[in-house]
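Just so you know, we're using my numbering here: the sequence shown kicks off at 190 and counts up by one.
The set of hints was computed from the structure by calculation and includes no laboratory data.
Don't take each hint at face value.
Here are the simulated DSS-like cross-link-like pairs (lysine-lysine), alpha carbons at most 27 Å apart as the crow flies [stated by the list, open to error]:
(1) 542 to 408
(2) 400 to 542
(3) 542 to 478
None of the values given here were measured: they were computed from a predicted structure.
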Amino acid sequence: MKQGGLLSGSTIFFLSSILVFLARFAISVIVARSLGPAGKGVYTLVLTYASFLVFILDFGLSSSLTYLVASRQFRQNELSQFAIYLSLVIGGLGCLAFYALYSGVLINNLLAGVDPGYINLVLAIVPFNLLASLLSAVLLGTQAILTYNVINIGRVLLNLVLQCTSALCQWGISGAIWAWVISTLFTLALAIWYLREGILMRLTGFGAILKSALSYGVKGYTANLLTIFNYRLDTFILNYFAGSGAVGLYATGVAAAELIWYLPNAISSILFPKSASLDPQTGARLTAKVCRALLLIILPLALGFGVLGVYVIPLVYGMAFQAAVAPFLLLMPGIIGVAITKIIAANLSGTGKPQYPAYTAAIVFVITIALDLSLIPRYSLTGAAIASSIAYLAGAVLSVYWFSRETHITWSEVTLPTRADLSELRSLSAALLAQVRQRLFG
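Just need the whole structure built from these sequences, with the hints factored in.
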């Protein structure tokens with residue numbers, strides 16, 4: 190099922206990222222315009238809680254399945270069956286546990302002001318959301334880049350259509366959440382269809398797969414879990430201190446800033462399975478080169494985004510979201526740091542060393558919590574953005590340190606672009622554009 194190398198994969202990801210970028214931007218605007226800051230804040234809290242549940246219950250299995258498929262330790266159909274059995278069991282038990290946590294604790298503090306019906310809805314689909322995530326990980330491990338992106342595009346386009354329908358029919362927050370739920374279930378249906386061959390056969394060797402998956406995944410699990418906490422925990426803390434209206438404004442600034450992440454996300458998604466199939470030194474050199482090239486692209490991109498965002502955010506989202514501009518600008522330095530962190534983490538995880546991203550995530554988690562609790566009560570939105578940006582930059586510094594120590598590649602080889610990099614980037618861009626034209630126009 191392998192569908193091309195790094196350049197071909199980058200071309201596919203480039204094209205799909207454009208579509209996903211445009212669709213998610215449109216969804217963000219539609220939700221903001223139809224729900225307002227407070228409504229968007231509730232919507233953000235519900236979806237963020239749902240994402241937390243999947244990450245917590247994942248136990249590092251997503252990265253494990255990608256690694257095990259890419260390294261050919263198990264067959265695709267074996268891992269697909271494994272994903273089905275495990276997600277239904279873990280997801281079902283997780284629903285009960287997190288319902289108890291919500292009703293007993295979170296309803297009166299971090300999720301205060303959120304209708305319990307919305308939480309119950311996302312809890313009900315946790316097993317299916319988890320299964321969709323695991324099956325997508327299997328696809329990524331086979332390097333079926335085209336199929337992987339078809340599923341992502343299908344999900345976001347369906348969500349866009351449903352969000353438009355909800356806004357036009359004035360279905361409010363419940364309509365927006367149902368649109369997300371339906372598009373999630375659609376993703377699962379597509380993943381099952383593409384992996385259908387042998388998926389219903391009786392699974393053998395469950396214990397061996399579980400042992401291999403957990404031995405690798407537990408290391409990466411800590412890093413992934415802490416990373417998502419680093420990215421999103423401030424949303425709940427902000428809700429506790431300032432309410433859902435502040436969350437809606439902050440989420441808009443964050444969403445606009447994180448649009449820059451599409452490029453490193455695309456590269457790291459390809460680099461992770463690629464690193465698993467390369468010898469360590471070759472993969473390390475490739476990663477360093479990718480980091481330097483990424484900085485050549487993302488620095489001017491962030492500058493341009495910053496200038497445009499000042500005018501575009503209130504123009505597109507409405508003057509009710511004017512206050513989202515400040516956190517958007519304050520997050521820009523940290524967003525650049527995250528881009529580097531993502532690329533390095535993809536290499537370290539892909540070469541069987543997920544403990545280093547875990548170390549980074551743990552340290553950044555402590556920094557994030559300390560800064561959030563210090564700055565959010567006093568400065569609200571801007572405090573959350575400053576805290577996140579500082580923590581993200583600290584994560585980048587730590588990532589470069591671990592990578593350099595492990596590979597003996599100096600920090601300057603990772604972070605300082607050369608003239609040769611610029612020349613190669615021009616050639617690569619020309620080749621990429623040629624592939625884009627060929628795929629679009631034949």
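The hints, checked one at a time:
1. 542 to 408: holds (8 Å)
2. 400 to 542: holds (17 Å)
3. 542 to 478: Holds - the C-alpha atoms of residue 478 and residue 542 are around 20 Å apart, at most 27 Å.
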